[in-house]
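Student: Here's the letter readout for the chains.
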Amino acid sequence: MATALDTRPARRTRRRWVAPWLFLLPAALLFVTFLAIPVCYALYLSFRGMRVSGGGPFGVRSETWVGLDNYATAFTDPEFLAGFGRLAIYGIIAVPLTLGLALTFALLLDLPRVAGARFSRTAIFVPYAVPGVVATLLWGFLYLPSTSPGSWVAARLGIGAPDVLHGAMLYPSVANIAIWSGVGFNMIILYTSLRGIPAEVYEAARLDGANEWDIAYRVKIPLVGPALVLTGLFALIGTLQVYGEPTTLRPMTSAISQTWVPLMTIYRDAFTRDDLSLAAAASVALALGTLVVSVVLLRVTQKRSFGEVS
Amino acid sequence: MRHPVRTAASVAAVALTLAACSSGGDDAGAGATDEGPITLDYWAWGTAQQPMVDAWNAAHPDVQVKRTDAGGGTDSSAKLVTATRAENAPDVAIVEYNTLPAMIVAGVATDISEHVDGLDSEFAPGVWNQVTFDGATYGVPQDAGPQALTYNKKRFDELGIEVPTTWEEFADAAEKVHEADPDAYLTTYAPAEFGGFAGYAQQAGSEWWSVDGDAWTVDFDDEASVAVADYWEDLVDRDLVLAEPLLTPEWNAQLNKGDILSWPAGLWAAGVLYGVAEESAGDWAMAPLPQWTEGDSSVGFQGGSAVVVTTSAEHPEAAAEFARWMGTSDEAAAAQIEQGQYPASLSGQELTLESDPPLLMPEQEDYWEIAARITQDTIPEISWGPDVNVASSAFQDAMSKAVTNGTPFRDALTRTEDEVVADMEKSGFDVTQK
Chain A
1 MATALDTRPA RRTRRRWVAP WLFLLPAALL FVTFLAIPVC YALYLSFRGM
51 RVSGGGPFGV RSETWVGLDN YATAFTDPEF LAGFGRLAIY GIIAVPLTLG
101 LALTFALLLD LPRVAGARFS RTAIFVPYAV PGVVATLLWG FLYLPSTSPG
151 SWVAARLGIG APDVLHGAML YPSVANIAIW SGVGFNMIIL YTSLRGIPAE
201 VYEAARLDGA NEWDIAYRVK IPLVGPALVL TGLFALIGTL QVYGEPTTLR
251 PMTSAISQTW VPLMTIYRDA FTRDDLSLAA AASVALALGT LVVSVVLLRV
301 TQKRSFGEVS
Chain F
1 MRHPVRTAAS VAAVALTLAA CSSGGDDAGA GATDEGPITL DYWAWGTAQQ
51 PMVDAWNAAH PDVQVKRTDA GGGTDSSAKL VTATRAENAP DVAIVEYNTL
101 PAMIVAGVAT DISEHVDGLD SEFAPGVWNQ VTFDGATYGV PQDAGPQALT
151 YNKKRFDELG IEVPTTWEEF ADAAEKVHEA DPDAYLTTYA PAEFGGFAGY
201 AQQAGSEWWS VDGDAWTVDF DDEASVAVAD YWEDLVDRDL VLAEPLLTPE
251 WNAQLNKGDI LSWPAGLWAA GVLYGVAEES AGDWAMAPLP QWTEGDSSVG
301 FQGGSAVVVT TSAEHPEAAA EFARWMGTSD EAAAAQIEQG QYPASLSGQE
351 LTLESDPPLL MPEQEDYWEI AARITQDTIP EISWGPDVNV ASSAFQDAMS
401 KAVTNGTPFR DALTRTEDEV VADMEKSGFD VTQK
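Residue numbers (this note's numbering), protein chains in the order written: chain A, 1 to 310; chain F, 1 to 434.
Quick caveat, the hints were computed from the structure, so don't treat them as lab data. Hints are supplied without guarantee of correctness; some may be wrong.
What follows is a list of derived Cβ distance ranges for each label pair [unchecked claim]:
hint, chain 1, residue 1, chain 2, residue 2, range
1, A, Thr104, F, Asp239, 40 to 46 Å
2, F, Asp134, A, Leu137, 40 to 46 Å
3, F, Val276, A, Gly54, 55 to 61 Å
Taking beta-carbon pairs under 8 Å as the criterion, some of the chain A residues facing chain F (in silico) [what the hints assert, rightly or not]:
hint, residue
4, Phe47
5, Arg48
6, Met50
7, Thr122
8, Pro145
9, Leu230
10, Phe234
11, Leu236
12, Phe271
13, Arg273
In this text the structure is predicted, and so the values were computed from the model without any measurement. By construction, the Cβ of each residue, glycine as well, lies at the ideal position given by its N, Cα and C atoms.
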């Protein structure tokens with residue numbers, strides 16, 4: 001009798017232990033197979049390198065342990081580091097504009113009695129559905145003088161069209177593509193968050209004599225703070241991972257090098273220069289950097305936006 | 001087709017019978033085994049390959065070749081290296097001449113000297129030299145790309161331009177073209193064209209990589225290369241040539257308008273131009289590349305490729321036999337010519353003399369004669385280093401920067417050399433920088 005009473009809770013506890021693990025299993029398997037193992041392999045690769053073993057002018061290279069060589073190479077490569085500088089200029093243009101435009105559009109769509117809301121919402125969102133490479137090619141054609149309607153009009157008006165793929169204009173030109181594609185996505189997140197605000201809050205504000213401006217500035221923006229932080233984080237990570245737009249534009253201009261942004265350098269080292277180990281080291285560094293920046297951003301904004309006290 | 005299984009079975013039976021019949025006296029020595037016909041995997045790009053493979057398959061039932069298009073030169077080589085490390089590389093693959101050393105040190109290409117004994121007499125020395133390293137042969141040349149000047153004859157005639165025979169005349173012509181029509185340029189100096197520049201520099205007498213015993217010497221900024229860099233810098237500075245990338249929508253539009261009048265590049269240029277400016281076919285012609293010294297006739301290569309057997313090949317002998325056939329048989333050469341490739345073998349080049357000129361210049365009767373003459377004059381001693389990929393990527397960025405920022409082009413050569421030497425030292429090669 002006593003034993004029966006003792007075992008029952010034990011068995012129940014065991015069952016309680018098994019169930020969550022069973023539910024977790026598929027996700028855990030996928031995580032281990034497609035994330036954990038590749039990450040560990042990249043870490044391993046970053047300490048290896050291809051070195052000539054046989055000797056002679058055509059000695060075959062084989063993989064050996066090289067310690068921190070690859071990290072030293074990555075961090076002393078002026079082009080890799082300069083890529084972060086270019087990334088910063090690009091980010092300073094792209095991130096605030098994307099978020100600013102997204103917030104503006106979301107607030108406008110959330111106004112009471114706004115005309116054509118559904119159409120506008122779709123129209124703003126559609127560019128997000130255009131694949132990045134297609135969007136870049138599309139804009140590329142618009143940038144190149146011979147194929148651009150802008151230059152055609154400028155020529156007819158007798159004014160020279162600016163060369164948007166060289167010099168200082170290059171950054172806004174590349175950022176423009178990301179902004180065009182990204183505003184819709186961010187707008188939807190912010191808009192959804194706005195729709196989640198209870199109507200009573202607005203009623204109270206109106207009773208206190210607030211107009212739509214006051215409501216937007218003092219009620220809506222503070223209340224969508226968490227969504228703004230989230231979109232900001234996405235935008236920041238997206239900036240650190242810029243690759244598609246400049247790579248697709250590269251054949252059209254000599255101003256974009258193969259090392260224009262860090263990910264392009266990583267691609268070049270891995271696939272053009274056959275130095276997977278250096279690419280792995282640079283990738284690990286970039287991933288750790290992204291992690292640190294994300295954590296710092298969340299820490300700084302957490303208290304304000306989520307009202308949490310840590 | 002109501003009994004697909006039975007149909008398939010009978011097809012297989014016929015195939016087996018055929019294989020059994022031909023395995024006796026076939027020239028592919030390592031042909032059919034007891035398990036039936038062998039299949040070779042072959043990676044190759046370009047329109048000429050499938051017809052060539054089809055011709056081989058029809059003639060060799062016991063060694064069937066399956067072709068995969070793994071991308072153009074750069075992509076295909078990158079994938080070959082990765083696939084070799086993963087131990088699933090194809091048996092045979094196309095590799096560009098300048099990438100072959102990199103494929104050897106990456107352990108992709110295997111020494112096929114014993115299978116291609118005596119094959120050197122089928123090729124001009126300059127071509128054969130492209131696949132022979134340190135006394136060992138690593139491939140069979142398939143097509144050749146000696147440099148020539150492909151020009152818009154109609155526009156040349158309109159503007160009263162003579163075909164230049166020296167680079168000095170070429171510069172004068174560039175000035176004349178731009179004066180006669182401010183929108184028009186004689187040619188493009190594309191900063192990313194590593195292969196083109198390498199060809200001009202080789203023609204001027206430079207040797208970027210050289211081997212002495214076990215040691216490499218690297219010299220990108222020798223006197224000849226610097227002179228070539230200065231030459232183009234001057235033309236770009238004076239706005240006499242267009243300093244833009246090739247084959248962009250912008251460039252294609254200008255080409256179609258008749259604003260770009262020539263392209264000094266490999267013989268394959270005719271096919272590329274036809275692809276982007278089909279409507280101007282008939283306006284074009286080909287002439288030998290201008291020379292640095294009057295009366296000279298030597299030219300460098302730009303492009304061209306060889307068929308290599310990989311270290312992963314399970315039947316290296318059969319694979320080498322396929323490579324030999326692709327490089328030297330008349331059937332393969334005919335298929336190449338039809339698609340606008342210039343065969344590397346002497347017999348294939350002879351075959352072109354009976355062929356029609358390329359589609360871009362259907363009226364130029366002496367096209368193939370000029371091509372054959374140019375090929376005879378290619379520089380026999382050109383050696384590429386084990387890291388042309390590094391050189392090419394470094395050159396592209398350094399030269400693009402020089403063009404964009406207006407800094408000396410010769411500095412781009414020094415920068416390239418520094419990166420190449422650093423890479424070779426890191427890999428563990430014995431290397432001297434000059």
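Student: None of the hints should be skipped; say for each whether it holds.
Tutor: Verification of the supplied hints:
1. A:Thr104 <-> F:Asp239: 40 to 46 Å: Once the Cβ atoms are compared, 44 Å apart, the range 40 to 46 Å for F:Asp239 and A:Thr104 holds.
2. F:Asp134 <-> A:Leu137: 40 to 46 Å: Holds, since F:Asp134 and A:Leu137 (Cβ atoms, about 45 Å apart) stay within the stated range.
3. F:Val276 <-> A:Gly54: 55 to 61 Å: For A:Gly54 against F:Val276, whose Cβ atoms are near 45 Å apart, the range 55 to 61 Å is violated.
4. Phe47: 15 Å, violated
5. Arg48: The hint is violated - A:Arg48 has no Cβ within 8 Å of chain F, the shortest such distance being about 12 Å.
6. Met50: At about 7 Å, which falls below the 8 Å cut-off, the nearest Cβ of chain F leaves the hint on A:Met50 intact, so it holds.
7. Thr122: 30 Å, violated
8. Pro145: 6 Å, holds
9. Leu230: 37 Å, violated
10. Phe234: Because about 31 Å separates A:Phe234 from the closest Cβ in chain F, which is outside the 8 Å limit, the hint is violated.
11. Leu236: 27 Å, violated
12. Phe271: Check passed: Cβ of A:Phe271 comes within 5 Å of chain F, closer than 8 Å.
13. Arg273: Hint holds; A:Arg273 Cβ to chain F Cβ min 5 Å, cut 8 Å.
Checked against the numbered hints given earlier, this structure breaks hints 3, 4, 5, 7, 9, 10, 11; the rest are met.
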